[in-house]
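What follows is each chain in one-letter form.
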Amino acid sequence: MAKSGARRVERPAPEKNNGPGAVQAKTSIGDKSRSYWAHHRSSFISACSRLLGAPVQTLMTSLVVAIALALPATLYIALNNVQQLGDSWDANPKISAYLNPRAKEEAIQEFIEKLRGYNEINDVEYLSADDALRDFQLRSGFGETLSELDENPLPPTLILSPTKAASDPDTLKRLGDRMLQEALIDDVSLDMEWVRRLREIMILGKKIVIALAALLSLGVLLAVGNTIRLAIENRKDEIIVAKLVGGTDGFVRRPFLYTGLWYGLFGGLLAAVIVGLGYMSINQSVQRLADLYNSGFRLQALGIEGNLTLIGLATLIGLLGAWLAVSRHLSQIEPR
Amino acid sequence: MINFSTVSKRYESGQEALGGISFDIDAGELVFLTGHSGAGKSTLMKLIMLMERPTTGQVLVGGRNLSRIRKSQIPYHRRQVGVVFQNHQLLFDRSVFENVALPLQIAGYQSREVGRRVRAALDKVGLLEKEKHNPITLSGGEQQRVGIARAVVNKPPVLLADEPTGNLDPELSAEIMNLFAQFNAVGVTVMIASHDIDLITRLDYRVLTLHKGQIIHDGFLPKGDQHG
Ligand SMILES: Nc1ncnc2c1ncn2[C@@H]1O[C@H](COP(=O)(O)OP(=O)(O)OP(=O)(O)O)[C@@H](O)[C@H]1O
Ligand SMILES: [Mg+2]
Numbered sequence: 001m002a003k004s005g006a007r008r009v010e011r012p013a014p015e016k017n018n019g020p021g022a023v024q025a026k027t028s029i030g031d032k033s034r035s036y037w038a039h040h041r042s043s044f045i046s047a048c049s050r051l052l053g054a055p056v057q058t059l060m061t062s063l064v065v066a067i068a069l070a071l072p073a074t075l076y077i078a079l080n081n082v083q084q085l086g087d088s089w090d091a092n093p094k095i096s097a098y099l100n101p102r103a104k105e106e107a108i109q110e111f112i113e114k115l116r117g118y119n120e121i122n123d124v125e126y127l128s129a130d131d132a133l134r135d136f137q138l139r140s141g142f143g144e145t146l147s148e149l150d151e152n153p154l155p156p157t158l159i160l161s162p163t164k165a166a167s168d169p170d171t172l173k174r175l176g177d178r179m180l181q182e183a184l185i186d187d188v189s190l191d192m193e194w195v196r197r198l199r200e201i202m203i204l205g206k207k208i209v210i211a212l213a214a215l216l217s218l219g220v221l222l223a224v225g226n227t228i229r230l231a232i233e234n235r236k237d238e239i240i241v242a243k244l245v246g247g248t249d250g251f252v253r254r255p256f257l258y259t260g261l262w263y264g265l266f267g268g269l270l271a272a273v274i275v276g277l278g279y280m281s282i283n284q285s286v287q288r289l290a291d292l293y294n295s296g297f298r299l300q301a302l303g304i305e306g307n308l309t310l311i312g313l314a315t316l317i318g319l320l321g322a323w324l325a326v327s328r329h330l331s332q333i334e335p336r
Numbered sequence: 001m002i003n004f005s006t007v008s009k010r011y012e013s014g015q016e017a018l019g020g021i022s023f024d025i026d027a028g029e030l031v032f033l034t035g036h037s038g039a040g041k042s043t044l045m046k047l048i049m050l051m052e053r054p055t056t057g058q059v060l061v062g063g064r065n066l067s068r069i070r071k072s073q074i075p076y077h078r079r080q081v082g083v084v085f086q087n088h089q090l091l092f093d094r095s096v097f098e099n100v101a102l103p104l105q106i107a108g109y110q111s112r113e114v115g116r117r118v119r120a121a122l123d124k125v126g127l128l129e130k131e132k133h134n135p136i137t138l139s140g141g142e143q144q145r146v147g148i149a150r151a152v153v154n155k156p157p158v159l160l161a162d163e164p165t166g167n168l169d170p171e172l173s174a175e176i177m178n179l180f181a182q183f184n185a186v187g188v189t190v191m192i193a194s195h196d197i198d199l200i201t202r203l204d205y206r207v208l209t210l211h212k213g214q215i216i217h218d219g220f221l222p223k224g225d226q227h228g
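Each protein sequence line maps, in turn, to chains A and B.
Read in my numbering, the first sequence has 217 at position 217, and its numbers run on one by one without any break.
Read in my numbering, the second sequence has 34 at position 34, and its numbers run on one by one without any break.
You may find that some hints are simply not true.
Stated by the list, open to error - Within a straight-line C-alpha distance of at most 20 angstroms, the following computed SDA-like cross-link-like pairs (lysine to any residue) qualify:
(1) LYS71/B to ARG328/A
(2) LYS71/B to SER327/A
(3) LYS71/B to ARG253/A
To be verified - Computed far set for chain A versus chain B, every beta-carbon distance over 12 angstroms:
(4) VAL64
(5) GLY117
(6) ASP168
For the record, the hints were derived by calculation from the structure and aren't laboratory data.
The beta-carbon is built from N, C-alpha and C at its ideal position, and this holds for glycine as well.
With the hints as constraints, model all of the structure from the sequences given.
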């Protein structure tokens, strides 16, 4: 039935080396893996040049990524700075120790000397009952009323400044408890309730930043995913031809994954720039303000590590968004 | 090389495209596939390409049972079958060279080897001097030849062509057919679906004629027979 002479099982190779038999031409394993990496490299580069070839579209998508990530990054910086501010106040806490009103002056002076010998205590300031009253009258504006009292209701007070090492909340609390044991001391107040409250607020703030970052990352994921979906739609012909001539899913997927990666990277870089510009625009004012208050406070920037983390996360999210789009849409495109 | 045994194909629409056909094509044969529009020619070729799966029956290519090929293995099967399909043509965002190079890059050839093979294929179809052109600037016949170069560039043992001369004038059609004959002469198994009975009759190769999904003729056409 077959045309005579056509029954050649083996096909004479048109070219002598590499001549394949009736079966597929083989390439060596080494060649394969080298060209596998070559395709990674060329997909990586051509995805980038494709994006640069459509600058408006690229800028728009990258900006979406950038803005969505710059927001939580800025909040994160703000939070860190508030914490730094809190820590710097936290560094000079005080303990007010209210003495027994009937304590003798000599006993008090003796006690002050003893306290000065404590490792944890840096300085002791003594306010006698009269000092305390005067101080209170000055500050409260109840001057008249108070002077009508026949007895001074205020106890003599010692203001203890702990050393730096004893300034953390736990040590301070322990020091306060120890002071309560002293016979001369009736009551103690730790000047740090607000520090503890600030800490609580910081913890809450961090949770909010994380939640916001997660939410916005999800937005970025969807935005990149949608852009990649459009790219897939635009390059449908190419995908079909590639599948028709034996392109594996990995081969077809690769350029799109790299496209997502580039969007993420560009967006991350842009976000770093946006955050950096924001920092620069308020840094001087903050510095002037701090100087006015005689504070050594300096606004903290994101730093190299923070910036790298931001860019790295952005890149990862871009890649993930592309992966989502690719796994949803690529398998639907088949040659028909 | 290509064996169909009682292969039927019913599309999801309910349309029966092939109704239990059997035939064998040996390695190194050139076979024309003809029949009216809707007879099932394209469907038959899609089964060989694993673009569709048969409803019943078995298809073997190179002794391999296609029903045993998993989805993830389909690309490797397709690298053994070169195709010239009219509707899956060239990519106009890249040069002729890059179009032809695609199957080689996919198969993982080194770039030096790619260049050598692409030029060899383009030379064979007479388009070596157009390698840097965008295919959109080429004539229909030239585009078709680029498609053929792409189909044969990684030297597949089997070559399928679905209406490769569809809208070409008789002279160009004869040229294209001559190209296929040349590939067949070096041992490639070739199957060409075509309506062009004049041409087929003149060329004197084995002809499979489909009618409503059935093979109604298998063999050589008597010279001058105008029936499809
Ligand atoms: N994807 C599909 N879904 C449903 N029906 C289909 C599909 N493809 C083809 N058909 C039907 O199957 C039958 C055979 O179609 P096929 O394309 O194989 O014919 P053909 O011989 O190639 O025709 P032509 O010469 O017009 O290209 C036709 O009736 C067609 O309508
Ligand atoms: Mg058809």
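Hints and how they fare:
Under the criterion of a C-alpha separation no larger than 20 angstroms, the hint pairing LYS71/B with ARG328/A is consistent with the structure, at around 17 angstroms. Taken as a hint, the LYS71/B and SER327/A pair is honoured in the structure, with Cα atoms around 15 angstroms apart against an allowance of 20 angstroms. Of the supplied pair hints, the one linking LYS71/B and ARG253/A holds, its CA atoms being roughly 16 angstroms apart against a limit of 20 angstroms. Every C-beta of chain B lies more than 12 angstroms from that of VAL64/A, the closest at about 26 angstroms, which supports listing it as non-interface.
The claim that GLY117/A is not at the interface with chain B holds, since no C-beta of that chain comes within 12 angstroms of its own (minimum 80 angstroms). Annotated as non-interface, ASP168/A keeps its C-beta farther than 12 angstroms from every C-beta of chain B; the closest such distance is 60 angstroms.
Figure legend: structure checked against the earlier numbered hints; every hint is met.
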